[in-house]
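Colleague: Quick note, the sequences are listed as chains P and D, same order.
Residues in the first sequence are numbered from 1 upward in steps of one, following this note's numbering.
Residues in the second sequence are numbered from 1 upward in steps of one, following this note's numbering.
Hint data in this document are derived by calculation from the structure and do not stem from the laboratory.
No residue lacks a Cβ here, since even glycine has one placed at the ideal position from N, Cα and C.
There's no promise every hint is true.
Quick list of the computed label-pair ranges, beta carbon to beta carbon [said to hold, decoys possible]:
hint	chain 1	residue 1	chain 2	residue 2	range
1	D	E234	P	G211	30 to 38 angstroms
2	P	F63	D	E234	45 to 53 angstroms
3	P	A33	D	V126	29 to 37 angstroms
4	D	E369	P	E91	28 to 36 angstroms
5	P	G46	D	V54	49 to 57 angstroms
6	D	P68	P	H202	21 to 29 angstroms
7	D	D266	P	L64	18 to 26 angstroms
8	P	L64	D	R37	50 to 58 angstroms
9	P	P47	D	H310	34 to 42 angstroms
10	P	G125	D	D69	27 to 35 angstroms
11	D	F48	P	L64	38 to 46 angstroms
12	D	L36	P	E62	57 to 65 angstroms
13	P	L255	D	R238	27 to 35 angstroms
14	D	G124	P	T38	19 to 27 angstroms
Letter by letter, the chains look like this.
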Amino acid sequence: MSGTGRIVIEGVGVVGGFGGGAHDLSRALTGSACSPGTLELSTGSGPVTIPAFRADVSRLEEFLPARTLRRIDHFSRLGLLGSHLALADAELPEAERPRLGIVIASGYGATGSTYAFLKSFISDGDIGASPTSFSSSVHNAAAAHISIQLGAKGPNLTVSDVHLSVPSALATARIWLAEGRVQRVLFGAVDELSELIGYIRHRTRDASPAGPMTPLRTEMETSIPGEGAAFLLLARESASRGGYCTLDASTTGSLPIPGLPFPEPGLLVLGADGCRESGRRYATVARNARVACYTPLYGSMPAGPAFDLAAAALILKGGRVYPSPGGGFLDFPATVPVGGEPVGADRVSCLTLAVDEAYGLTTLGRVEPQ
Amino acid sequence: MRPTVQQMSVAPIAITGMGCICAAGRNLPDSMEALLRGERHPAPPVRFASDHPVRYPVFEAADFEEPPDLLRTSAFGLHAAREAVADAGLDRKALGALRVGVCVGTTVGTVVSEETFCRGYLAGHVPDMTPIRRILRSNPADVIAREFGLSGPRQAVVTACASGTDAVGIAGSWIRAGLCDAAIAGGADELGRITYIGFISLMITDDSPCKPFDQHRKGLNLGEGAAMLVLASERALRRTGMRARSFLLGYGSAGDAYHMTAPQPDGAGLRSAISEAMATGGVSSASVAFVNAHGTGTPDNDRVESRVLHDMLPGIPFLSTKGYTGHTLGAAGAIEAVFTAACLEMGNIPANAGFETPDPVIGLTPVREVTAVSGTVALSESLAFGGNNSVVVLGKA
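Bound conformation, chain D alone (with noise of 0.2 angstroms):
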């Protein structure tokens, strides 16, 4: 039986800035100029290396500056959080003068293990705590929060795949309930050999550049980064003068039930998850001008998916933007957020990087080339390990 979701909307939230890095780019702007030229660069990683005998790509984000006390996952939320801040034309003494919550999703910025350590400790010896205490002190909304001085809630989503979109949806839960005037929420994940090796082991990844929703798709590239937004409430906007670039305007979630690492194959939980963000953000299947898919490249999680596109949002343009930017994990559902809002604000969406065989199968097909829209309305989906499936619907301002 499907959860029953109260078929009420909520109230707009604001997104007054929005901040990014990945490999498309070290900032939201350079980032949606590299996909609106459909550019990719994915190769075999230069940061770590492995003896695994397949060289997989991934998608590294460019150098950036990394306090070197800090986890990489924590350094690229704080980056992105920094860019986001200054978008809403924020700075400390601004915020010191709200309640702002920190909500952050990830999949590695909160795990308490690291290589090194854990070959010394196999191998008999007294390994170096320095890794285990960064670790420990490096948890990302932690991290945003002490470096603006922030006193509202904080919490780190830890949904694997969706953790960024939930991140996102929780903090504009905050925000209509009160707990905070404002939220910084997004999502951050660095790239390893830790998530390589496992998601080899998986058999899950691609050899050749992702192909979301081809025929010929293998698997996904992985990748890294982070996506943070500004969220205000009206009390925000009036204290402080922010103005809204566009507006989260729904949020559903729900599990399948299913299985720990397949989608149910008959997508009841994305489509649980879509009723519910159409529903709170009081929006119909006719007013959205495009979705910002999943679209992993799995054989599976497309073809679920497109199952679900296909019958709840039929003839609705659809892209996966993970052709530029690799699985992020913990930041996708972040970073494919401010990628719908941009696209929104731009009236552009770019091509579906990877796809160019038809898969009947699926028989759905993304948008092939920078594609103009014309509607006020988004959504960004993510599905995870777990049976976990989140959505939000984004607003044009």
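Bound conformation, chain P alone (with noise of 0.2 angstroms):
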């Protein structure tokens, strides 16, 4: 296969609880009010509302006829318009569409329709079941709606790694740009908070609380839900036309991390969600850092350190540091940066850490001035 040169990010789609697009990520991130919304539960012991970060997806009609989405569940839309926005902001003409490759990550798949699907045969016996939910209900739906809409032929592939999704899914990514499988990759992740996703977090997490997520606080659990998608579009860099950065390195694997501890003045993107449990672990990875987190405008979900990836790539573009919202950094051990201070270095990293001592971390890169 052909040599590796480098991968640079071209565009970047993302939608979540902070609205849609580049352009309000960006907002987001420097200091725009960003609260949750709710998520209404049936529980055993009655109704209950949780604070969540629901992701709107009515801008998908900006790009497709309504009667193309009539049948398409609410995991698909949000990779549909992850994608499209990712394909608008880096302006990729349309006769480009058909060499795509697709990688999605998902850490727990089409869970509304898999829900809705044993809705309907618990409710009207075997002979009831849906069929179309039954389709939607697969991990790679989002990825073949995507494939189907913008007519990508190239290789489609969709990951499901839980918490290390991400991640594992763009390793893979860069092994198919540089061994020269395809020139572009739009590589996506996409999480879902159905109604069965809220309950079981609503029985394995602590209560969230009222007020903002502080993931940097590690004596309380603050883990507020989100879902949405994000999306990068990846080209080879002989391809390329330009963009945010480059995607120089994705990796997981057991702790410890080789490298540690992490060089300065770098900045260290940590994915940090809000759980107590987790919040230990990045305080002792990245014990001395200089760290960021910005969950606090996504929530906490599987497709979180891909929303991680987007501000990073933001962060490369504009050269400073956006402010870590939620607070709470006193008792960090590591330096949090205040915002707007510049970069000082030429890469950003994004580290993710999951159960079992596993992690993945992948690298960003200052794009030379041409």
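Given two chains presented individually in distinct reference frames, assemble the corresponding complex, making use of the accompanying hints.
Modeller: See the structure below:
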């Protein structure tokens, strides 16, 4: 296969609780108010309302006719909106779409349709099972709809590794580009906050606070669930027309991370999501590093690390660090920039920690001036 | 416009061990013997019940050791991985000296749903969380990595029925890219009520034993199981003394961009996947001994697949092994890859079980009896929901 070469992030497409598009994410990162909405749950002890970052996909009608969307569920709509926003951001000519490779990461997949399918036969008997819900429930449904709507006929992959889905899938996307299988990969992460996932979170996590997420406070649970899609259009440098930054590395493995401690004055974007237990792990691994954390803008979800990457891409393009929202940094054993400072390095890394000492680390680099 | 494919071959990757569990047998040698004897035992499910008025036959695997804290899917994967690792002559110590990745295709092994839990929730109860916790710690790639203490990359590939083929191809790329020295790659899937009822709802299941490529085929029979391959770099071979049983020569995949559940009528995506797999494998159609087709027994799949085989690989023997295993979904590509490699070793391919009457629309006939093959290269194909098409090219050692 052909030589490796560098990989450029040409476009960013994001949709989450903060809004839709790179502009909305940039606005949220600079300090605009970003409050969670709510999710209503039925529980054995009555209805419960929990805070949640929900994503509005109504902008999808800017890209696709309503008729086309009729039988497409929320999970796939999130993916479709994120992918169209990324392509629009990159101003990719339509003629390039058939040659795109697609790589999607999802921690939980189409849980809304999965639950709808179960409800259909639990309510109506096995003969009443819904074929539409069943076919929409497959993990690669979003990738399929994106491929169909874009006419993208390149290789098409969906990966599901819970909290490490993003760095894991990204590593394979990089290989496709390095091998020369494709010139561009539309990479994205999608997770929906369905009723089922909301209830499971409600049962498995401590009660969420009324206040904001403070993921760098390690003594309390402040996690708020989120949903959304974050897409990056990746291109081999030789085919690229420029973009936000380069994608230099993406690895997964078991702790310790080779090369620790992280070098100053680089920046490490942490995927800490307000879960008390994981917050402690981040505090240990990122000790003495220069860190930022933006999860309070989009919430806790397996697709979160792709939003971290989108934020890192905006940082490298703009040259300045955004403030980490949520406060509570004083006890965190690392340097947390107040925001507005120069990046101070050519690279920004994004760290994700999962259970079993597993980690994912992705490094982005500054694009050299033309 | 079809995607461009760089016409450049890649380095072969050694396959040093293989393992398999499915309805045909609890391990690869037993499964191959059953295939060559022409044995198959589809029957209505015994592990679960359904109130559907029609009892569709399935291919359930025989009993095996299932740890109670794991999903059956992951237990299948672990069972096949143990056989593959032993077949490669490795143990935990030898694996610990290498950076070993795990890449597993599945359709249900990462799905957060469980019927009892959902019934309890819908009824307004407080359902027991044990099934959900079991799912969350049962990612099949993680389970195998934990079992053998592996430190390399892990990935669960969820490209529906192409997952197992993709997992093998991706693991090969990892090794070539230097992400790991070796990899345990394959696929695993269990058969349960949700899958059974779901496929019945799509009206693509046969109420009699499946008949891939036959004129009177009515659909697929579901199956379950797993297969794993140990893939190794040259460096890993040198360090461990492992020997290649066969080789992963090439891999290709392409999307139809056509329909959620139906294949593109002209098979353009499958054509691209075959072209890429053969180009990366550096092989021409003249060197292909046989094709292990996807061959589900659904009218659409078999029509499209045979059309592509007729155009691209004319005259080359082909078969579907799903008549012996059922459609094992995310495991299918891996099970069929190990069958393909084993057939290359033996120089024989089994009959296409269930085939009796040629279909004039198809115009091709799969092998009808155990057939000797003399070539050194074979293809294994997978087509999937979502329009995924994936192909691996395997070579004899």
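Colleague: Please name the hints from earlier in the document that this structure breaks, with their numbers sorted from lowest to highest.
Modeller: Numbers 1, 4, 5 and 9 - these are the hints that the structure violates, sorted from lowest upward.
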